[in-house]
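4 protein chains.
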Amino acid sequence: MGQSSFFNELLTSIAERGRSFADFGKTRTRDRSAADIIDMCHALLTGKGEASGIALALEILTSYTSLTDGEKTLFFEALGEDFSVSQHDTLGAAQAYLNNPTPEHLINLSAAAEPKRLELLRRLNQAPDATLSLVKMRADLLNRITVAPALKPIDHDFVSIFGSWFNRGFLELRRIDWQTPASILEKIIEHEAVHSLDGWDDLRSRIDPPDRHLYGFFHPRLNDEPLIFVEIALCDRIVDSIDTILSEKREHTDPSAATVAIFYSISNCQDGLKGIPLGSFLIKQVVEDLRHRFKGLRTFSTLSPLPSFRNWLNRQIELQGEIEDSGLRQVLAQLEQESWWLDEQLSRHIARQLLPLAAHFLCNARDSAGRIVDPVARFHLGNGARLERLNWNADTGADGLRKSCGVMVNYLYDLDEIERNHEQFASTGLVNAAQSVKRLTRMVSDTISEPTHDEDSTRQTEWPRAGQALQL
Amino acid sequence: MGQSSFFNELLTSIAERGRSFADFGKTRTRDRSAADIIDMCHALLTGKGEASGIALALEILTSYTSLTDGEKTLFFEALGEDFSVSQHDTLGAAQAYLNNPTPEHLINLSAAAEPKRLELLRRLNQAPDATLSLVKMRADLLNRITVAPALKPIDHDFVSIFGSWFNRGFLELRRIDWQTPASILEKIIEHEAVHSLDGWDDLRSRIDPPDRHLYGFFHPRLNDEPLIFVEIALCDRIVDSIDTILSEKREHTDPSAATVAIFYSISNCQDGLKGIPLGSFLIKQVVEDLRHRFKGLRTFSTLSPLPSFRNWLNRQIELQGEIEDSGLRQVLAQLEQESWWLDEQLSRHIARQLLPLAAHFLCNARDSAGRIVDPVARFHLGNGARLERLNWNADTGADGLRKSCGVMVNYLYDLDEIERNHEQFASTGLVNAAQSVKRLTRMVSDTISEPTHDEDSTRQTEWPRAGQALQL
Amino acid sequence: MGQSSFFNELLTSIAERGRSFADFGKTRTRDRSAADIIDMCHALLTGKGEASGIALALEILTSYTSLTDGEKTLFFEALGEDFSVSQHDTLGAAQAYLNNPTPEHLINLSAAAEPKRLELLRRLNQAPDATLSLVKMRADLLNRITVAPALKPIDHDFVSIFGSWFNRGFLELRRIDWQTPASILEKIIEHEAVHSLDGWDDLRSRIDPPDRHLYGFFHPRLNDEPLIFVEIALCDRIVDSIDTILSEKREHTDPSAATVAIFYSISNCQDGLKGIPLGSFLIKQVVEDLRHRFKGLRTFSTLSPLPSFRNWLNRQIELQGEIEDSGLRQVLAQLEQESWWLDEQLSRHIARQLLPLAAHFLCNARDSAGRIVDPVARFHLGNGARLERLNWNADTGADGLRKSCGVMVNYLYDLDEIERNHEQFASTGLVNAAQSVKRLTRMVSDTISEPTHDEDSTRQTEWPRAGQALQL
Amino acid sequence: MGQSSFFNELLTSIAERGRSFADFGKTRTRDRSAADIIDMCHALLTGKGEASGIALALEILTSYTSLTDGEKTLFFEALGEDFSVSQHDTLGAAQAYLNNPTPEHLINLSAAAEPKRLELLRRLNQAPDATLSLVKMRADLLNRITVAPALKPIDHDFVSIFGSWFNRGFLELRRIDWQTPASILEKIIEHEAVHSLDGWDDLRSRIDPPDRHLYGFFHPRLNDEPLIFVEIALCDRIVDSIDTILSEKREHTDPSAATVAIFYSISNCQDGLKGIPLGSFLIKQVVEDLRHRFKGLRTFSTLSPLPSFRNWLNRQIELQGEIEDSGLRQVLAQLEQESWWLDEQLSRHIARQLLPLAAHFLCNARDSAGRIVDPVARFHLGNGARLERLNWNADTGADGLRKSCGVMVNYLYDLDEIERNHEQFASTGLVNAAQSVKRLTRMVSDTISEPTHDEDSTRQTEWPRAGQALQL
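Chain order of the listed sequences is A, B, C and D.
Residue 312 in the numbering used here sits at position 312 of the first sequence; the count goes up by one each step and never skips.
Residue 368 in the numbering used here sits at position 368 of the second sequence; the count goes up by one each step and never skips.
Residue 235 in the numbering used here sits at position 235 of the third sequence; the count goes up by one each step and never skips.
Residue 466 in the numbering used here sits at position 466 of the fourth sequence; the count goes up by one each step and never skips.
To be clear, the hints were calculated from the coordinates, so they are not data collected in a lab.
All figures in this text were calculated on a predicted structure; none of them were measured in a lab.
Be aware that one or more of the hints could be misleading.
[To be verified] With the C-beta cut set under 8 Å, the calculated list includes, among others, these residues of chain A facing chain B:
1. Leu91
2. Leu173
3. Glu288
4. Asp289
5. Leu290
Glycine included, every Cβ here is placed at the ideal spot set by N, Cα and C.
Using the sequences plus the hints, can you model the full thing?
Next comes the structure, spelled out in structure tokens:
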């Protein structure tokens with residue numbers, strides 16, 4: 001910590017010194033336009049001075065944050081046009097390489113095909129606190145790409161350079177607990193996205209008890225900024241409802257007697273790191289650390305929502321007029337009844353309809369690119385987890401009902417099979433699911449449009465409860 | 001420190017786990033051939049498994065270190081052929097881009113023109129302690145490039161990725177003193193390259209007294225490995241001999257009364273980081289930190305050798321037969337006399353011949369690429385320092401006599417002019433030298449082959465002693 | 001932190017081991033009586049085993065916390081009787097020493113006159129976390145002493161041993177800010193006693209802004225337990241109302257431009273350390289640290305309440321029937337009017353009556369032991385501060401009105417005179433007050449019972465506003 | 001570390017400030033006499049100022065170090081006379097207490113019987129770095145006590161206050177390895193007293209290999225000063241010679257496979273802490289830490305010298321003229337032969353004579369106070385270790401031969417019996433020795449003067465090799 005702030009102070013004093021050499025015109029930092037900043041970017045790429053370079057980089061990043069939304073868009077457009085690859089040079093270099101494929105020609109071609117933005121990003125990164133500023137700049141960029149796809153190549157360069165800077169080798173795992181500085185804890189409160197935190201007491205209940213743990217990834221340059229974090233409950237079984245974990249009146253588990261670790265929340269902190277793979281690596285490192293600390297742990301499982309399930313159900317209705325008499329429309333109507341989940345009979349009735357659909361949704365529903373629809377499922381299955389169990393009435397909070405119809409899933413991380421699962425899912429797209437889940441998928445009628453993988457599904461009505469989680 | 005070793009332990013246990021999934025054949029790590037390792041590199045690039053990926057990366061890096069020199073050469077050759085850019089794909093992508101310059105085509109072209117080695121290096125970097133291993137691998141590569149220039153494109157990729165990883169923003173400045181862990185101090189002893197260290201007591205004399213300081217750059221991933229370091233003596237004047245600094249009987253300076261900081265040694269620790277710019281940035285940060293700690297400091301100067309001076313003199317003799325009667329050959333012969341520097345009259349005589357030549361050498365001698373010949377001069381002048389003063393009989397150690405004829409140079413870092421000097425030197429190649437040095441260069445006869453910049457040099461015989469160093 | 005918890009873990013495992021050797025009977029820890037614990041104390045004093053000793057000490061301290069209030073009283077009574085000085089031995093040793101004053105006899109006498117409790121306390125302190133447990137035990141003891149003065153000698157021993165353990169040389173000053181672990185910050189919230197903290201956001205507003213600071217004393221053995229802490233606001237003048245400091249809409253001061261540091265709150269965290277001098281030393285160290293960090297600071301002052309002023313006023317009424325017509329009774333009645341301080345005319349009227357009385361109270365009112373009545377005044381004057389200024393309507397919070405009638409005081413710490421003030425106050429009891437305060441005291445009628453020091457007081461009606469605080 | 005130096009800086013600046021108030025006369029610090037310092041001590045005890053107090057304490061401690069040996073003696077003499085208990089007050093207080101044993105009288109008596117030196121020491125301890133200065137002052141005192149026993153009561157006060165300050169609860173265990181700061185490591189080199197260290201490479205061989213460990217006790221106030229340290233080798237058996245451990249060509253043990261930890265050296269660093277019990281507590285904490293780190297460890301044993309064996313043998317000769325023909329005198333003569341231990345036959349012959357005597361010496365030889373003669377034996381047996389085995393030709397270094405005749409002992413720390421052993425040794429003085437050692441003692445003829453505990457000793461000639469060390 002001291003190290004990093006000492007370093008930033010030094011950089012700042014060097015930058016201050018450079019400021020006097022760098023002629024930034026008479027405009028004040030807050031009054032610059034996108035065009036001013038682009039001019040400074042050109043100067044940064046061509047300028048040779050060290051002190052001025054750092055000062056310029058700092059000035060660019062600081063001025064950028066004061067831009068209006070409209071000016072930011074102009075800035076990105078100019079970034080896309082002015083700092084791209086030169087067509088002329090690239091084709092020339094490619095032709096030269098074709099004529100005579102020497103090492104030198106290859107290097108020239110690589111250089112020509114590298115957008116100037118990459119070097120610009122590297123030079124901007126010299127400024128104090130630059131890495132965080134650039135991560136935030138990319139978040140702004142991502143917001144614009146949906147409406148302005150022409151900006152995509154810029155993002156490609158951000159992803160490329162972030163891939164090096166946030167290479168797994170540079171990430172630091174840290175345990176977060178009640179001894180952690182408040183400046184970090186407040187960011188946990190702010191970024192918890194799955195089961196939101198209601199202030200400091202709530203946070204304490206998730207990090208201070210000996211059966212509750214929280215881990216985050218940090219980067220040496222973004223000192224007190226967690227990149228992503230995960231919350232874990234130590235238990236004696238694979239729990240089937242989030243209330244078991246979060247309720248104030250929950251039972252406490254002696255960590256030395258715990259056999260199961262439940263990963264019940266994983267949240268990204270930086271929008272600007274979207275698509276940079278952090279989560280899967282985090283889970284695996286945390287599993288290793290937990291195993292080391294608590295020798296009794298045998299089972300590592302999540303308790304996860306199906307955040308796009310309800311949306312998908314609604315789309316099914318829209319797509320298929322004839323499904324009307326299949327009862328789905330009726331079930332969806334029942335879900336609108338107030339407190340339906342407290343009426344046990346009704347709840348059972350709905351479950352009988354929805355759980356098979358949920359299983360089918362998770363295992364078979366694909367998007368236009370052929371990927372599993374649910375992002376959480378895609379993440380854990382892609383990591384090599386097994387779809388272990390569906391849990392009914394598992395999350396009756398507002399969000400849980402609205403998005404997941406109250407269902408939650410246990411994805412099981414069986415260390416002995418995650419690599420195999422991962423390979424299978426990556427190459428064939430087949431989901432590794434427990435028998436009980438497979439049986440549920442077979443109960444789904446052919447009226448659902450997607451192809452199912454178990455064609456000979458028999459319509460068993462057996463109540464879906466997974467047996468034992470596989471042991472490590 | 002703890003953080004980093006904790007992290008490495010986690011990585012290692014994940015790697016261990018992956019080992020069982022990754023089929024590395026039956027060969028033991030130490031018995032693999034270059035071909036085996038190249039096979040594993042292919043597997044790493046195509047394989048998708050996380051644990052296996054880290055295990056593979058670790059296995060590749062470990063196996064590599066056990067290769068014989070010959071096998072290492074084979075490994076690099078295969079790396080050059082198998083993991084390069086695909087000509088076919090590149091030209092195709094270039095053509096597609098020419099036909100239709102869409103963002104997508106541009107991204108495809110950039111991707112096609114990126115050698116597969118870059119992604120390979122990124123994946124290798126996931127292994128525990130990988131960054132250091134890759135730095136050492138590059139050192140091996142550099143050793144081979146002089147005899148095998150075809151390997152140059154590989155180095156280009158190393159430089160490119162090291163440029164991101166060792167971006168200035170990621171370097172950490174640390175003060176090294178007697179409170180520093182022994183594991184780091186022993187590396188200082190090992191790598192001090194300018195005025196070598198004779199064990200722990202000698203080291204202590206350079207880091208423990210309050211008027212002696214040592215700073216190094218570190219990288220978060222190379223925890224206890226200094227990358228480069230610099231040694232400083234606080235003084236009350238610009239000293240003119242290294243003995244004044246290193247002698248056991250030297251005078252001590254009260255740091256609060258010191259006005260001058262002398263940078264008397266700067267050493268790289270990692271051959272594999274050659275060409276990655278570290279040194280100039282280090283000096284500037286150290287200047288800022290010293291200014292902050294010792295308010296009386298006004299002047300920052302080096303006391304540096306001219307390591308290629310003697311070589312250059314010898315080459316002059318070889319090149320020019322007619323110089324024989326100019327006296328240079330005679331002077332070089334006198335330098336072979338034992339303890340010539342103790343004979344005051346002889347020493348003065350030689351100085352009168354050699355000092356102008358040294359000044360000329362530093363300011364004017366160029367290599368075939370038009371660069372200043374002396375690497376130390378090139379480094380400091382390129383940083384924006386001024387050639388302030390030449391000092392006779394300044395280093396009568398074996399090395400100092402053999403390479404620099406006992407001459408040492410003060411390069412002055414005047415914070416108010418380093419940016420200007422840097423720009424001038426970078427754009428025009430002109431050396432900023434003090435008047436006294438310029439006068440010396442004018443004393444050199446036209447028999448010296450390189451063009452001098454001061455054509456109208458008058459042959460003043462004035463003894464070359466710079467007046468006062470410019471103040472900050 | 002790691003160090004300390006590592007140490008505690010080791011101690012605990014040694015204690016666990018000892019538990020098997022130490023025969024604590026069959027009672028469970030929570031079911032022990034005071035008599036059981038006293039038995040264990042005897043065993044601890046005579047027992048020689050190391051592991052058993054630590055185990056016994058831990059068992060005693062743990063059992064003690066489970067005692068009922070009544071049992072705790074019994075425990076202290078037994079501690080007073082069984083572990084005291086032996087009359088017989090002491091008189092014998094005294095006689096022997098008188099007969100023959102050899103060094104050995106002196107040592108014997110000292111030993112005989114030392115209560116066994118001292119050695120008991122030392123041995124108890126071996127247990128993990130024992131120091132904190134003993135501090136809490138003393139807090140229990142102090143609660144009982146008012147009703148059971150016979151327990152006083154026990155406290156004398158606590159004070160004696162705490163005097164060694166909490167010797168100033170062992171206290172650690174730490175800066176507390178938003179980077180401080182939450183486990184420490186929650187204790188600050190809990191113990192702030194002067195201007196109470198309303199949760200984490202309120203705390204943040206006192207430690208995170210660059211013009212707000214908080215320092216605490218810690219002890220190496222009580223790792224995360226602050227002993228005492230002080231809050232400071234950096235300002236550009238000696239502020240005259242707490243609202244200026246605490247209001248959400250307060251003005252912010254650039255720390256580098258600040259000239260005045262206001263100590264506006266100082267709170268003890270450990271009742272069990274009452275009477276162990278910590279506060280004055282804390283203030284002086286903080287002054288030194290602030291001076292070092294913020295070069296512009298010239299003036300160090302408090303903004304303090306008069307917590308016993310209202311009580312004293314009430315007592316004056318009780319004591320003196322004849323004072324009735326002096327107007328004091330009427331003023332006190334006016335203070336009961338709701339929001340009287342918002343009525344400017346009324347407020348001015350009351351001020352004219354009360355401010356002279358407040359000045360008189362601070363300078364002259366003495367308790368039966370001849371000490372200044374107000375504890376806050378006694379503390380700061382005893383430290384060498386000067387009574388600089390009274391501020392009207394300075395604290396209109398509930399507490400401020402109820403205890404201090406809304407008045408607050410600036411005690412000025414002028415580094416050049418605190419030693420002299422301290423000596424004067426300690427030897428003569430004379431209060432060093434600013435001229436404006438002295439003038440106020442002279443306005444008080446002779447009807448007030450205590451002797452005033454300025455007999456020739458002239459009845460100036462000048463509004464009491466101190467001029468400039470003395471400069472450092 | 002930072003914490004402590006930050007604290008010392010603050011103390012120093014407060015002390016500097018106080019210096020101006022404290023009138024120390026015109027003498028410079030280095031020129032003060034013992035009488036000057038004693039005057040300052042009186043001032044410190046009566047003075048009330050805070051800043052002056054710290055300044056005075058610092059001045060006293062600094063001046064003291066500049067005293068000549070003679071002046072130091074004068075200083076201690078004055079300390080003995082002027083700062084002792086007042087006879088008059090003590091007897092008066094004792095009488096008052098006898099007449100009326102109230103709590104107040106008891107407190108008064110305790111106070112009267114406390115030498116003023118105790119408060120003086122507490123006040124001196126406020127100065128920066130005072131604790132270390134006082135430890136060194138006591139070392140000076142101990143040097144004088146042998147010739148001036150009248151100074152003993154002063155030492156009694158040092159011991160009393162050090163007992164509180166160095167209470168076990170305040171000691172910190174630290175692992176010392178190659179990552180430890182050089183400033184600490186050099187103190188290890190300096191203070192290793194059992195098997196001396198020949199510079200940094202030698203030190204590294206004892207702390208860097210994974211089967212070698214070093215632990216030290218530190219005190220929060222003596223930051224980088226180890227108090228005592230112990231060296232450990234991890235092995236697969238109880239080794240029988242120091243060469244097995246220290247030889248450069250020694251075999252290395254995989255720590256995870258190690259079953260035995262050998263404590264082969266324990267050294268005190270501070271003469272001034274003599275008699276303050278540190279060592280036994282250190283060993284037990286280290287055992288706990290090693291057990292935690294290396295799960296395979298079952299046996300904890302020392303490999304220790306018998307430093308007073310040869311002396312004792314010589315004394316036997318002196319005491320008993322008639323022993324001449326018993327062969328002991330002849331054996332001692334043989335020990336003077338050069339390299340006798342290389343002559344296998346001679347060595348065996350000597351062993352047959354000396355090993356029984358060594359066993360007898362360790363188990364039975366007592367000093368005039370009835371204590372076991374050998375200090376190392378006394379230490380380990382008092383800690384509860386068992387005398388497990390004697391090893392012949394175990395240390396053929398110069399010291400080992402001269403003091404211990406080449407014999408070394410394994411003292412076994414069996415966690416299950418150390419408390420019992422300790423109690424037995426403390427109460428009865430009986431040594432717990434292995435059967436093989438007991439058999440050796442029975443071989444000793446009655447000509448040796450001390451009473452043996454096994455009277456019916458049979459004269460078995462069996463070669464003394466202990467079987468297996470008891471397992472934990």
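Satisfaction of the Glu288 of chain A interface hint, Cβ to chain B closer than 8 Å: holds (5 Å)
Minimum Cβ distance from Leu91 of chain A to chain B below 8 Å? holds (6 Å)
Measuring from the C-beta of Asp289 of chain A to each C-beta in chain B, is the shortest one below 8 Å? Constraint on Asp289 of chain A satisfied, holds at 6 Å.
Should the hint that Leu290 of chain A touches chain B count as held when the rule is a Cβ pair under 8 Å? Since the shortest Cβ distance to chain B is 11 Å, the answer is violated.
When the nearest CB of chain B is found for Leu173 of chain A, is that gap smaller than 8 Å? Constraint on Leu173 of chain A satisfied, holds at 6 Å.
When each numbered hint is compared with the structure, a violation occurs for hint 5 only.
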